[in-house]
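Novice: Single-letter residue listing:
There are 2 protein chains.
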Amino acid sequence: MIALASPRSVGRKLPFAGGEIEVQVASPEAFAGVTYALFSAGASTARELAPAAAAHGAVVIDNSSAWRMDPEVPLIVPEVNMHAAAKRPRGIIANPNCSTIQMLVALKPLHDAARIRHIVVSTYQAASGKGQAAMEELLAQHHALMNGAAPPASILPGQLAMNVLMDWKASPGSDYSEEELKMVNETRKILGDDTIAVSPTTVRVPVVTGHSESVHVQFHRPMDAVEARRLLASAPGVKLFDEPYAPGRHPQPIHAVGTDDVFVGRVRDDLGVPGALNLFIVADNLRKGAALNAVQIAERLHA
Amino acid sequence: MIALASPRSVGRKLPFAGGEIEVQVASPEAFAGVTYALFSAGASTARELAPAAAAHGAVVIDNSSAWRMDPEVPLIVPEVNMHAAAKRPRGIIANPNCSTIQMLVALKPLHDAARIRHIVVSTYQAASGKGQAAMEELLAQHHALMNGAAPPASILPGQLAMNVLMDWKASPGSDYSEEELKMVNETRKILGDDTIAVSPTTVRVPVVTGHSESVHVQFHRPMDAVEARRLLASAPGVKLFDEPYAPGRHPQPIHAVGTDDVFVGRVRDDLGVPGALNLFIVADNLRKGAALNAVQIAERLHA
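Line by line, the protein sequences are chains G and Z.
303 is the number that the UniProt record's numbering gives the last residue of the first sequence; the numbers go up by one with no jumps.
303 is the number that the UniProt record's numbering gives the last residue of the second sequence; the numbers go up by one with no jumps.
What the hints contain is simulated information worked out from the structure, not anything from laboratory work.
Quick caveat, the model's predicted, so the values are computed rather than measured.
Please note that a few of the clues may not be correct.
If several chains are the same, the list does not tell them apart, and a pair holds so long as it fits within one copy or across any two.
[As the list claims (entries may be wrong)] Result set (SDA-like, lysine to any residue): computed pairs, CA atoms no more than 25 Å apart in a straight line:
1) K130 - R221
2) K169 - D269
3) K13 - S174
4) K130 - D224
5) K130 - V208
6) K130 - H255
7) K239 - D175
8) K130 - M146
Go ahead and model the full structure; you've got the sequences and the hints to work with.
Specialist: Right under this line is the structure:
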């Protein structure tokens with residue numbers, strides 16, 4: 001086990017397995033002898049160092065967006081398409097976008113049963129999805145507003161506290177944000193079905209950690225809420241919130257934080273489209289949406 | 001001009017037109033001589049007193065849910081169906097639910113052009129939609145969390161600060177909340193088309209004022225974003241946010257607060273369903289979503 005980072009962090013000591021390990025510099029040579037290389041760096045670092053690690057024989061599991069849509073790189077959610085990880089000509093496996101992971105853990109058992117035709121998804125994403133600095137800025141914005149001051153906005157492109165904000169990069173030539181297009185393209189790649197229609201709207205809300213998603217889904221054959229709940233109750237990685245709606249009784253970010261599960265609730269037969277469903281999906285975006293999923297991929301490969 | 005309220009508020013002085021008016025008790029007799037009676041009370045008070053006011057010859061404009069689905073009571077958004085206010089056999093006009101009003105101000109010009117088939121709507125609703133006490137509790141929850149204390153939750157059914165929360169009443173016999181069913185039934189009644197499918201998920205977010213809505217809409221004939229923007233640019237009550245998406249450039253609650261307009265942005269051709277659209281709709285839920293709409297109905301009747 002070694003820990004690699006940019007020169008800035010070299011020498012830092014990290015707690016590991018009851019002891020400590022010292023951070024070394026992430027050079028191409030540092031990967032010699034490594035079996036599994038879990039990358040959690042930016043896309044440009046991943047583009048540069050992942051092939052070097054793979055050349056040393058490591059299986060790279062990369063959390064950035066750099067390799068996700070490369071046709072020679074499998075994009076893996078263990079509960080959904082672990083089989084696809086076997087074929088990795090570049091020696092690289094990509095970890096999907098956080099919003100896509102939790103949505104597909106919930107939708108996979110329904111897709112297997114009735115084949116998804118169309119997903120309409122609106123997200124309620126937490127600040128920590130944008131990193132530590134954004135999370136701290138959200139808290140600083142709250143402090144400022146509580147004290148009647150102008151909220152600072154150097155990481156976020158504006159006020160997120162007591163507001164909603166779409167802070168994702170624009171996609172040149174599209175009206176959609178990069179985050180929205182990731183949900184479309186990654187969903188199709190992971191489910192292995194380019195005919196699936198995805199209608200995404202990604203929104204940041206003033207929550208520290210825990211992404212929520214409101215999802216409407218239509219199938220090739222009708223599915224009802226009773227069948228969906230039965231499938232979800234035994235689905236891997238899913239925690240079904242199976243009780244009738246009452247005020248405050250539904251999956252919430254504060255339930256999901258610090259847990260590994262994808263919480264699914266508000267499973268409802270659609271009122272207008274027979275055989276379609278509406279559901280609400282919540283998970284810890286830092287765990288299942290990022291680090292945990294990468295670790296689970298390595299664990300499954302190793303097993 | 002008279003101001004009526006429950007005995008608790010009698011004698012309070014309210015600023016009006018440069019002077020003051022004193023609150024009197026809301027008894028059936030108090031409506032003698034009143035031409036327009038704007039009701040902003042609970043449903044049970046509205047059920048009791050609206051017929052009394054109407055019996056005195058007043059046109060009642062009621063903001064509660066008491067009369068909205070009565071077939072003899074028109075349900076009015078002035079920009080959408082003012083014509084329906086002419087026939088009011090009970091002397092009562094109902095003001096719709098806040099979420100429905102802003103959605104229909106935005107969708108009406110599109111419906112007129114291409115007839116809506118299906119709406120999928122996920123809301124991001126503000127605490128003030130639940131009243132002054134909920135708004136104050138949200139702020140108290142933030143203060144408590146900032147100080148490491150447990151957030152108070154006597155009005156709200158749980159933690160809304162730094163979280164998302166569905167706090168609406170359950171609808172007996174349904175998996176949907178009352179708020180969600182209002183969006184279905186009121187949309188059909190106001191647009192006068194019972195064939196419109198509405199798939200609603202209503203969510204409260206930690207925002208003080210300003211409801212947001214992520215809306216996917218399908219039509220009987222294809223509509224594209226160019227045509228939709230052209231229609232919205234000249235639609236009454238709509239403020240079109242007509243610029244390409246960039247981080248932080250879209251309608252937000254902090255833009256809408258204190259204004260009368262319904263802000264519409266993120267107008268996008270759907271990526272999977274040809275001729276469908278996605279859009280984001282934001283308005284001040286206390287103004288256009290409530291009091292302003294009622295006043296506008298009275299103004300139009302008077303004109």
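Novice: Would you mind marking each hint as holding or not holding in the structure?
Specialist: Verification of the supplied hints:
no., hint, verdict
1, K130 - R221, "neither (38 Å within a copy, 39 Å between copies)"
2, K169 - D269, "between (35 Å within a copy, 18 Å between copies)"
3, K13 - S174, "neither (44 Å within a copy, 55 Å between copies)"
4, K130 - D224, "neither (36 Å within a copy, 32 Å between copies)"
5, K130 - V208, "both (10 Å within a copy, 23 Å between copies)"
6, K130 - H255, "both (20 Å within a copy, 23 Å between copies)"
7, K239 - D175, "between (35 Å within a copy, 19 Å between copies)"
8, K130 - M146, "both (23 Å within a copy, 21 Å between copies)"
Figure legend: structure checked against the earlier numbered hints; hints not met, in rising order: 1, 3 and 4.
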